[in-house]
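Chemist: Take a look at the letters that make up each chain.
2 protein chains.
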Amino acid sequence: MPELRKDAIVDRWVIIATERSRRPNDFLIEPEPPAVASPFAAGHEARTPPEIFQIGRDPSAAPDTPGWQVRVVPNKYPALSMEGELNYQGLGMFDLMNGVGAHEVVIENPDQNWDMTVATDEEMTNVLRAYRARILALQQDERFRYVLVFRNKGTMAGATIAHPHSQIIALPILPMTVKEHLTAAREYYQRKSRCIFTDILRQELALGDRIVEANEHFIVLCPFAARFPFETQIYPRRQSHDFATLDEDELRALGDTLRRTLRRIKTLLGDPAYNLMLHNSPNLSPQPGCPDYWGTIAQDYQWRLDILPRLTRVAGFEWGTGFYINPVAPEEAARFLRETATA
Amino acid sequence: MPELRKDAIVDRWVIIATERSRRPNDFLIEPEPPAVASPFAAGHEARTPPEIFQIGRDPSAAPDTPGWQVRVVPNKYPALSMEGELNYQGLGMFDLMNGVGAHEVVIENPDQNWDMTVATDEEMTNVLRAYRARILALQQDERFRYVLVFRNKGTMAGATIAHPHSQIIALPILPMTVKEHLTAAREYYQRKSRCIFTDILRQELALGDRIVEANEHFIVLCPFAARFPFETQIYPRRQSHDFATLDEDELRALGDTLRRTLRRIKTLLGDPAYNLMLHNSPNLSPQPGCPDYWGTIAQDYQWRLDILPRLTRVAGFEWGTGFYINPVAPEEAARFLRETATA
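Protein chains in written order, with my numbering: chain A, 29 to 371; chain B, 29 to 371.
Just chain A, with the same shape it has in the complex:
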């Protein structure tokens, strides 16, 4: 059973993932994705745990057979366990709890050579539909406080399987990073009765120099204090704290915007590895000992997508301080991305 452990000094929790436990020898060789057939490809459904969700298969066909367009399965080597109730414990000065949570894989297409930058509208929308469906389902589980959707592309970004996929992790604890954002957004709202993200977007649109693209539904920009070169964010124009509230038109427009943004990055930077994360609002279902204190969240918070191309390495300075050294000004990054052809 994995454990969640809280640092004795700061509010930082860690998963001790006994289910993916490794021994020292495992680290001697950097694992590269094997050139064998993808375990996620159509026809290999038996190589994953039974599917949780799929889009595209004929309703009369059996589960875990070909015919799907997107398929969601439990991670075969999950960082967290779906079984059991929450169990907080102390160990002298330390706090820990059992590692209850969900860890799912969104197989984005049956074809292992599928590429998001040249996908069809329907393929893109299907991936986002799968995100929405799984977030909605995991929001119903009262053990979970937060659902994170993320996509690691390329070995440098931590991907161990090359077949295009995203991952979803549901956590029983609100992560520090999320809490810091939520707290700051709420405090701003209490002071000004305005959403901080809306104010930032309005200013960025007026200034213009960090904007990559602004279309009917979405705004793509490089943030003012970008930690990494070509760090890019996609915000909805509409005030919206929860990705799961997106309608079909918005999902399709987001798929189009995301594809175009990734195409800019690929054209400009030569297909770099990247991490993509959905920063969404937390689960609002009540939990023992965790009152719902995000009363104004629908007014004060905004979801977004973050894209972090992995072009530099995080080193001692960043680990020692939480400070980052970014060698590309975000205005320069935005200008390069904006001027890159997307056709």
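Please note: incorrect hints may appear among the correct ones.
Said to hold, decoys possible - Facing chain A, from chain B, some residues (calculated, C-beta under 10 Å):
1. Leu119
2. Phe122
3. Ser194
4. Ile228
5. Asp334
6. Arg338
7. Thr340
8. Ile353
Derived by calculation from the structure, the hints in this document are not laboratory data.
The model shown is predicted, which means the values in this text are computed figures rather than measured ones.
A virtual CB, placed ideally from N, CA and C, is assigned to each residue, including glycine.
Got chain A sorted already, so can you dock chain B onto it with the hints?
Modeler: Just chain B now, with coordinates in the frame of chain A:
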């Protein structure tokens, strides 16, 4: 002139390092350390900026000539600039300031093939003497709030030059990570009149399962909530908030402990890349607008060394949450390290 920028939402600052500005094409190829002669080797003193500090050269010899054992020079491509006064500004909703700071390189030995795991006592002590001397000097500059010493070993850890070296960065802002630790330590002290680090060390020594080594002066352990496999910390036994207060005996004992710890890691894990960081107390000199509010710091804080072997990749989950997935329990890591021969 580089800029420091504060994220509009959380208390996170970033250096926009215009001095090391790069263009998109620079990222197309992963730079590897060239096989040419090291720019840091003895006889190549003219390839670095003029030295700030050295140990070992005959007093009658000219600066920037061979004969040194350890040599400290300004970073040729500094992330921060030593020139100028602090200048806080606003840009609409954003906060920024000019990037004043120090960025130095500690060349640890004239020999580019020098290896810390088999160094002599005197070589190790000289490196630590250079750390101490530069910390003491940079603590006198009232523009700086924090001095970080770190060592990136190996390409995976962000090192771009293979010649053994450390880096020192002095910052005009107290980094969030440091502030969080200082605040937590002070609050604990106010509540209990005891140092949180001392309490942790006492408990760890009693439990024993995360201890790698405990000698007369230092304790080596894998922390309870380690973020990374084989993450290791070296604490002084003596309550001491500032590394610069170490005396000669303690420096020598630390050199011995550090060398042995790195030897364990190399023997066990096959010479992995790692980041080493000195978590020291902040500069206590007064600064306009920054009152010294660390009144009990000499009682409530403890410096330490952190060693983070780079065995796993930080990916979307970590970036999205500040949570980490660690596949090796620290008790297992400590046991493996403890049982590794150091002779």
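Chemist: The structure should be examined with respect to each hint, and the outcome stated for every one.
Modeler: A quick look at each hint next to the structure:
1. The interface hint given for B/Leu119 is met, as the beta carbon of that residue sits about 8 Å from the closest beta carbon of chain A, less than 10 Å.
2. With its C-beta approaching chain A no nearer than about 5 Å, B/Phe122 sits inside the 10 Å limit, and its interface hint holds.
3. Taking 10 Å as the C-beta cut-off, the interface hint given for B/Ser194 holds, the closest approach to chain A being about 9 Å.
4. Interface hint at B/Ile228: satisfied, since its Cβ lies 6 Å from the closest Cβ of chain A, which is below the 10 Å cut-off.
5. Interface hint status for B/Asp334: upheld, as the beta-carbon distance to the closest one in chain A is roughly 7 Å, under 10 Å.
6. Look at B/Arg338: its Cβ gets to within about 9 Å of chain A, closer than 10 Å, so that hint holds up.
7. The interface hint given for B/Thr340 is met, as the beta carbon of that residue sits about 8 Å from the closest beta carbon of chain A, less than 10 Å.
8. Interface hint status for B/Ile353: upheld, as the beta-carbon distance to the closest one in chain A is roughly 5 Å, under 10 Å.
In summary, the structure agrees with every hint in the numbered list given earlier.
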